[in-house]
Structure formats: structure tokens, C-alpha cells
Amino acid sequence: MESSEDKQSSITNEFNNFTDALHKFRTLVETTTIQKKEERLGLYVKNEDTIDYEKFYESVLELFGPEIKSQDVKSFYRKLSNNPDAPVDWCEIFGYFLSEEDALASQLDEENLIFLVSRKQRVGLAGGRKRDVVKCLVKIPQLDFLIIATQKGSITVFNSQMRVQANINVTDTSWITGCDFLPQLKRVVAVTERTIIIWDYKAQGNSQDNCFVIKPMDHCLLCVCVVPMTDQLCRDDILMGDDGGFVNRFTLNSDDFGLKQSKNKKKMQSQILDSKNFKTVKRKLHNDWVMRIKYIQPLNCFGSCSLDSIHSFVLESLKRLEDNMPVREFSMPRGANTFVYCVKANAIVTGGDDKILRLWHPNISTKPVGKLVGHMFSITELVTNEKDQHVISLSSAKVFRVWDIQTLSLLQVFHDSQGGPGDMQIYAMIFDYNHGMLVTGSSVIDMYPLTRMIQDTKQIPHSHDRDINVMVYNRTFHQLLTICSESVIKVWELETGHQIYQIFDPHGSSIEVTAAAVDKSGFVLATGAYNGTLKLWDFGSGQEMKVLVEGKDWKEDDRCLHQLTFLTTSEKNHFLILALEYNGRIKLVQGKEDDPLLAVIWELPEVMPTFIRGEKVISLTVSCKPRTLSIPIPEVELVPNEDEPVVLNINPGISMEVTCFDVLIMEGYNLIATATVNGIIILWNFVLCTVTELHRPEDALVLDPDLNPERLKINAMLFLFRNSDCKRKMSEESVISSAHSDSTRGGLHSNKGSKSSIHEAETKGQSTGQHSGGRKGETIAGQKNDTDILPSVFLNELSPPILVTAHEDGHLRLWSMEGKLLKDMLPFTKHSAISLTTLYTDVCARLLLAGNMEGHVILWNIGSFLDPPYDEKKFKQLIAWRGHALKIVGVIYVEDKQVVLTASVDGSVRVWHARNGHYCGYFGQRRTFELNQVTDFILPCDVSEYPVEVKEESKYTEKKQKYEYPLIFDREKWRKMSSFSLLFRRPTPKPFDVNQEFKFFKALSSPRIRRNVLESTVTGNREAGVIFGSLSIYRVPSPTSLRFLPLIGADAQKESSENFQGKKKGGRVQHSQSRRRSLRKSLAPGVNLTSAFFPVIQK
2 MESSEDKQSS
12 ITNEFNNFTD
22 ALHKFRTLVE
32 TTTIQKKEER
42 LGLYVKNEDT
52 IDYEKFYESV
62 LELFGPEIKS
72 QDVKSFYRKL
82 SNNPDAPVDW
92 CEIFGYFLSE
102 EDALASQLDE
112 ENLIFLVSRK
122 QRVGLAGGRK
132 RDVVKCLVKI
142 PQLDFLIIAT
152 QKGSITVFNS
162 QMRVQANINV
172 TDTSWITGCD
182 FLPQLKRVVA
192 VTERTIIIWD
202 YKAQGNSQDN
212 CFVIKPMDHC
222 LLCVCVVPMT
232 DQLCRDDILM
242 GDDGGFVNRF
252 TLNSDDFGLK
262 QSKNKKKMQS
272 QILDSKNFKT
282 VKRKLHNDWV
292 MRIKYIQPLN
302 CFGSCSLDSI
312 HSFVLESLKR
322 LEDNMPVREF
332 SMPRGANTFV
342 YCVKANAIVT
352 GGDDKILRLW
362 HPNISTKPVG
372 KLVGHMFSIT
382 ELVTNEKDQH
392 VISLSSAKVF
402 RVWDIQTLSL
412 LQVFHDSQGG
422 PGDMQIYAMI
432 FDYNHGMLVT
442 GSSVIDMYPL
452 TRMIQDTKQI
462 PHSHDRDINV
472 MVYNRTFHQL
482 LTICSESVIK
492 VWELETGHQI
502 YQIFDPHGSS
512 IEVTAAAVDK
522 SGFVLATGAY
532 NGTLKLWDFG
542 SGQEMKVLVE
552 GKDWKEDDRC
562 LHQLTFLTTS
572 EKNHFLILAL
582 EYNGRIKLVQ
592 GKEDDPLLAV
602 IWELPEVMPT
612 FIRGEKVISL
622 TVSCKPRTLS
632 IPIPEVELVP
642 NEDEPVVLNI
652 NPGISMEVTC
662 FDVLIMEGYN
672 LIATATVNGI
682 IILWNFVLCT
692 VTELHRPEDA
702 LVLDPDLNPE
712 RLKINAMLFL
722 FRNSDCKRKM
732 SEESVISSAH
742 SDSTRGGLHS
752 NKGSKSSIHE
762 AETKGQSTGQ
772 HSGGRKGETI
782 AGQKNDTDIL
792 PSVFLNELSP
802 PILVTAHEDG
812 HLRLWSMEGK
822 LLKDMLPFTK
832 HSAISLTTLY
842 TDVCARLLLA
852 GNMEGHVILW
862 NIGSFLDPPY
872 DEKKFKQLIA
882 WRGHALKIVG
892 VIYVEDKQVV
902 LTASVDGSVR
912 VWHARNGHYC
922 GYFGQRRTFE
932 LNQVTDFILP
942 CDVSEYPVEV
952 KEESKYTEKK
962 QKYEYPLIFD
972 REKWRKMSSF
982 SLLFRRPTPK
992 PFDVNQEFKF
1002 FKALSSPRIR
1012 RNVLESTVTG
1022 NREAGVIFGS
1032 LSIYRVPSPT
1042 SLRFLPLIGA
1052 DAQKESSENF
1062 QGKKKGGRVQ
1072 HSQSRRRSLR
1082 KSLAPGVNLT
1092 SAFFPVIQK
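So for the sequence shown, my numbering puts the first residue at 2; every next one is plus one.
If you are wondering where the hints come from, they were derived from the structure by calculation, not from laboratory data. Don't take each hint at face value.
[Said to hold, decoys possible] Beta-carbon label-pair distances, calculated as ranges: (1) His362 <-> Thr477: 42 to 48 Å; (2) Lys831 <-> Asp971: 53 to 59 Å; (3) Glu855 <-> Glu572: 44 to 50 Å; (4) His362 <-> Gln166: 36 to 42 Å; (5) Pro698 <-> Lys553: 36 to 42 Å; (6) Ile512 <-> Asp700: 25 to 31 Å.
The beta-carbon is built from N, C-alpha and C at its ideal position, and this holds for glycine as well.
Build out the structure end to end from the sequences listed, making use of the hints.
Encoded structure:
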């Protein structure tokens, strides 16, 4: 009894302890969920209580013990991070799920689905009528509108944000059965059981006044569609199916509805129109109800389906409605409820009560070309996604199935679980191409987004669980290798983005991998760790080959490997790796064929003390140690100088460690360039056996506690050099480009939409320059050998290498081998100076890529800049875009795919189109990459900036002014004009009116020779204000005679009439007296203003 009681008490204690652990676990999950939601909104501030993966894992182990598997904890934590709103259960932490469906979803992951059902959005109906359902959905891609018609007469137009744009409640006793949009009349057409409704959704005022009703109809109308007619203006044709099996063609003109109203815009009294006044054609094609009718524009045919087993589906042109000739009929058991046409596949898919999807060729009506079986209930709706070649079918049980039309395979099955079998029946379904959504209509509107739309725009890209340290591209196998701070190596396939294999803890438990490199052949991988160990791996299989063991006296902080580079050797299975340690030492590691261990054979000597002493060039001597194998970089030593001992008079707090290096061993060059924390650039030339200090900042040896000690740091450096193979390749491209341009000259040639290379513009520019000089007549490639038509300048003369450095201050600088600064530029990113972190160039050094501390990617075209005399204008920035929200640790350009790969500390590796900066996806997504297709412009969820394209400077020339001013009075024009006839024709002007067509202004012209300069005086009238007080005043002498001046004012017409009468009487005295009177009156300042601005008229 006691033993049973003890067991019972122990079980009770375990139950209580487990209950308490579950309670604490729920609290932990709630806290983590709140934190993740705030992080997504950007409201969370990290502190000591921040729950990351390590803290979450330790808490779970403390609650449930060591039996918990780390993989289950990691999956649970990833689920919380990706979707904090997703429902979770405590049993998932132990690897158990409530149902097989949940387990399957956890194994496959939601990213593998076509539609993301968990992100479904729901919108209520706008009509407000009870127990109303959606009967028809119509998407207008041109206007990005969605038209919804409900059964009880409510028609609503939604905009792209699903906000109500217009709404009408039709006062008709009949139910609405279908609707569509009239593109020419810009109206909405809807059909009820006995009427046709035409609604102007854009008109203001009472919506009932903008609605026309056409009735009566002979049969009950069941469906409607519009026939697109681009050649007809102000006219639309509609096709309607009824319960008698008839297909009706109805013609609607703008004049029929009084749309061309008069200017008084009288309101139309009657809104009811007689159907007999419209042109209509109909023909009986089915023996049962016409369930669906559509016009298929690529085939120039209409299609109609019925429940008739013999005349189930008809596909024919519109002309067959006007005659009794036979039509194309497709028969199927129990008829067809719906159909859809796939343009790319050129197939018609039908579905009906027999639960089978049939694929038909438009010209073969005897037998279907394929069948899709899987539905358990009648098929009611069909839609197609042309871009992805998917067909979505819906059954009466609200079960959706997604099919691949090319492979006839089932991709996804999901159902609407809300409501009972008879409740919320779905009557309409469309696919929105603009937004990538499946829209269904029942008593509500449901929208199911495509997984790739959520993945690309809302889901955070996730390739690793931790910060990424290294990204390396294998050109041989077109594969990508990434390593995170959790010491997980992952190898990806570039074409698809799928993971090939991964290696956990390659250098041992809790040892971080910090550097990696791939040899030229692509078969060997080298990795370096935080503790200074180095390993060689077989890249294809991931098997370890050789290792450099850790020394007994090594310090982890001091021996951390920062950068690795393979050197090319002539011996097989002989490996040489140049490694940079955190302490600034560069050592050469050798791996022999039969030796499983790697060995350090030499280190670069310390040269900074000698440079600080004042020398710019240091001589080297080659070591005389015997070598069994030849190495490309010999072991060197400094030439000892016994006269001047090395004495350092610098502050020991100044850091001078090497931060980065690059190697150039080809075409007679044997160089190593290194850069330090304080910005000093050193060049090792092993051909001349010299070490040169190329550049040293002025304050490199000054320690200022107020300034950042790493302000002068150089984060990355590269040699830019083209060997003879690259020269030959570029020459061939230029010759082919020039031949192509000559062959297409004189014709219409356009490359819009073509997928040309990003180097195309550069190649075209070179083909018309010096590269094609002296080769006229040899324009057709293939007539001669390539070496015969290549310019000799490429093969004999190679441009010297250039060194490019990326600095902490955000500048990009280019140097010659003599230490001359060729170009200093700040990349344009719409932001202030941001530290550059990484550099990359292609094989032929035609493009240069850089990444910075805030996630920007900058792309330059340097194809023409590398040729002396190094014109700065030829160094062109093409584009810059925001790729990540955090620091970029690596950028890679894949030339054959024309894509850019970026890796960041945010744990993601992303793919971008190099030409426009468009986002393609990230490594680790379940959807395959579409690198060769032009994708829609989208941005990741953590990026909101658009790419910045830098346009070339406009080459227009400023137009010079061809006229002179001011205008002057031309006496010759004045004499040729008759003032009497001019004044006699004009009506009497009002006082102070200025006639713009007056004779004097017609007599103005540009000056031929300016003899007199206008006299100006300096003004300073404060009362006139700032503007008018500063204007110059020009004084013009008053005219000495007003004899030839016309009159201005009310006396002009009077004087002209008096002159006419004087001439008629023949009296000269009377004429002169009237002339003097008119002059005295015209001199009044309120009437005649000529003396104020008329020039002097010489006698």
C-alpha cells in the first residue's frame, strides 16, 4: 500500500511540476510573440531582457530537461519568428502535432504552397442587405477596379485598396445573375432574370437616376459577357445566355441612353427602355440552361457551356449566331458548369457535375487531350493563372485545387473551413493578376494571396539563423557557399536557389568560421576559423581533406583568420593559401599531396617600422632556403641596414594592423597590395623585390582621442586588370558588335524588351572607337580567323593594373601603381557618406560592385576607364539600390546570369537583377528562382527605397539668343504705313486704353547699329521699396515735333472727321486751326502719353 501511495504521490508531483513548466512555457511564448511583433513594427528596443535563440533554448531546456531536441526547439522558434500570429501548441516543442495535416504542414513549410491560406483577407459586402451573396466578380485590369454584383441587387465598384468607389442598390424584384464592364461606354452592365441594367458608376447625384433598365426579355437571363470591339466607338456588344438554351447578342449604343446630351443637360425623365428598340440576334445552341458564356479574344470566338450532355460546350464565331450553320460542339456526361481558356497552353478546361476536369484543344471536339481527377463534388468555378500556368478549380464543397496545366499535376489542395456545407456557398471566383490574389465571393469576399507575393513582399528573407560571415561563389559549378556565425556551411544551387548540403561545426563545437575561399578549379574549399585553424574540403562532397592544427601557444583573438586566397600552382594536388590573421600577419600555407596536414612555410616580414622611419621604397632579398616545390610568391626578407637602427617614435595606441589584401599574379606581374587600419597602402612587388608605400594619410600616425580611431580604415581593396584573354574577348565582342550594327544599318532596329547584356552599351562604344580603327571592310564575322581581324592594340599592349580601395569614410579611391590618386568619389545613394564594406569585380574588370554599412549596393561601369589616360568621365555609376537593412558582408556579380548576389548580417542571401536592381528572391526559399525572366518590380519587406539610376549628362547645347533688344523705332516702316486709314478704321478707343495693334508698335524693329546709349542714373529711392527702388531709370528726350505722331484718346476720331470736312471745303486755314486745337487737347497727360516714351524724330 505504501509503495502504491508513493507512486501516486510521485506521479502527482511530476504532473504538478509539468503543469507549472507548461504555464511558464506559455508565458515565455507570449513574451517572445510580443517581442517579435514589436520587432516587425520597428518599436522594440533591445535590452538585457531581449529573448534571442540562445536564451529561448536555455529556458526550454531548464523547463523540460535535456530530452528536448534542439531541432524541434529551432523549428518552434523559427515558426514564432516568421509568423507571430500563427497558432502554436506546447506539444510542438516535443516534435508532436495534433493532426497529420499539421505535421505535413510543418514538414513541407508554407513556402512550398501556391496560395498562402493563412494570410487570407476578408472584406464584407457594402450593400447592407441581410442574407445577400455575391453572384458575380469582374476584374478590370486597366482601371484596377473590382466590380461585385450581389444576388439582391447591390452593385459595388472597389478600387485597388478594396475601398468602395461607387455603389448602387437596384430596385428590381428579380435577382441579379451576372455582370460585366462596358469598355467603350464606360458603364457597368448587369442582367437579372428579366431585365438588363446599365449603370453609370462615375456620375454624381442619385445613383438611381444614372441607371437604365432594359426590359422585357423573352427568357430568364443567367449570364452575360462583353465582346471587346476596339474598332467601334460609343458602342458595345454583349452576349447573354438564358434558361432556354439561347445565346443572345445585344448591341448597345451611346445614343440609346441619351449619353450625348445637349448643353442644357436636362435630366432624363424615363429610365426604363424598351428592349425592342435595340438590335438583337439570338440562336438556340443548347437544350438546357446556359451556365456560362465568355468571349475568347485570342480565338475570336465565344464559348458557352450548358448542363446538356450532348451540346455541353459550344465554341464558335459570332457569325454563327446569325445563321443556322453547324457549330463546334463538345460533349461530356452531365454537361459543364464552367470553363476557362489557357492562352499559353492553347487549351480549354471544362468542369461539371461529373467531378472531372477535361482539357480540350480548340480544334478537336471529339476527345479531350487530358483529364484531371481528384474532386469529390461538382466543379462550380474555374480560373487560370497565365503567368505560372496554373488552373484553380473549386467544387461545391468549397475545396480548392491548384493544377499545373503543363504537367497535369496537382500542386495544392485547400478548403474554406468556415461555415457548414450549405452555408456561405461560393458563387464566384476570379484571379487578380495585378495583385497575385485569388478572390472568391460568397456572403463575404475572401482573398487568398500567392505565396510568392507574401514571400517577396511581407516575409523576411531567411537563409541562415545567424549573421553571415562569408559568401563565396564557385564559377565552375555555379554554386554559392555561405557561412554564418553559428558555424554552419551551406552550399546552394544558383539556378534554383535550393540548398545542396550543409556542414555543422566544421572546425569543432563552438568554433566560429570566419573566412573561406574556393580554388580556381572549383574542387577545393578552404575555411579558416576564429582559433586560427585552417581546413581544406572537397567542394562537391563536403569531405574534409587537410587541416592546419592549432598551435599550443596561439591566442584565439590574435590568430583569427580574416581573409583567405588560393594561389595557382603548376603541380597537381598541391595547394597554396595566402591567409591574413587578425593581428595583421600574412602567411603562406602549403598543402602537399601525401601530407594530411597543412603547414605554414613563410610569413611576410614587418615593414611598417621602416616606413615610419621615412623610407618610401624598401628592397627585398629572396630567401635561399631549398624548396622541393616551386611557389609563385618567393619567401623574401628585408635588406638589413646596420647604419640606421629602427627606432619608433610613435604612440603605441595607434593601430597599424593589416585589414585586407589582394593578389595579382599574371602577365608578368607578381604583386600583393595590403591596407592597414590607419589607411596606409603598401605594395609588394616580387618581380622587382621591392616594397612601396603608395599612400599614407596626413594624420595616420596621430592619435586623437576625440576622433574615431578607425576613421581612416580601409575595409576592402581590389586589383583592376585585364589580361590578354580578356582583351581578346572584348575585341571579339567589339568586332561582332560593329558587324552587327553595319548589317542592321539602314533598317528599323529596336532592342526594346531584349535581354541584352549589361556590357552591351560599353561594347558598342568601343566598337565605334579605336578598337575598330583601320579595319574597314572586314565587318562580317566568320569570313576570317578571329586572330586576323583583331586589332593588335589588344594583343600587344596591356594597360597597367589599378588599385581600388573602399574606405571607412564612404569614399571609393583608385590608385595607380606609382601611388597617384586617379579618382576619389563618393557613391550616390541619396544618403550621406556611408562606410563601404566590400568590393567585387568581374573577370574582365568591366563592372565594379560595392556594398556599404547600411545595406546599399552600388554598381559602376569601368570598362573604358582602365585604359590610359584614365578619363574620370568614363568611370560611370549605373545604379544603386537598398538591398538590406543592415551591413552587407559580400557582393558577387554573376556575369552569365546578369544577377547580383548580396549577403548581410541579417542572415539572408538575396538575388537581384543587375540591370535594374529588381529583387528576384533569396536563397532558402522553396520557390525556384526565375533568373531568366523579367519579374515585376517588388521590394523585400525590410526595404522601402527604390533603386536610383544615374542618368548620363545630357548632351544638348544651349541655344543662343538670335534677336537683340531693346527694340527701336524704324522710320522707314513708319513712312510706309498710312496713319489716316489706320485711325479711320478703328473704333473710338476709351481713355487710357492701349491698342496692341497700333501703328507705332508695328514700326519697331531690332537695332542695326546702336549709336546712342541710353543714359542711366543710380537710384536709391527708399520710398519705392526694395524692388522698384533698385531699378535703373532711363531718360529719353521728348520729341521736338509732334507733327507725324498719331493722336491718342477721344479726339482722334473727331479730328479725323474735321480733316475730312476741311479737305472737302478746300479751306487750308480752317484745317490748320483745327489741327492746333486737337494738338492742345491731345497734349493732356490723361489722354496723350506719347511724350513719355516716344523716341526723338529728326526733322
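Query raised in the report: Which earlier hints turn out false for this structure, listed by number in ascending order?
Result: Failing hint: just 6.
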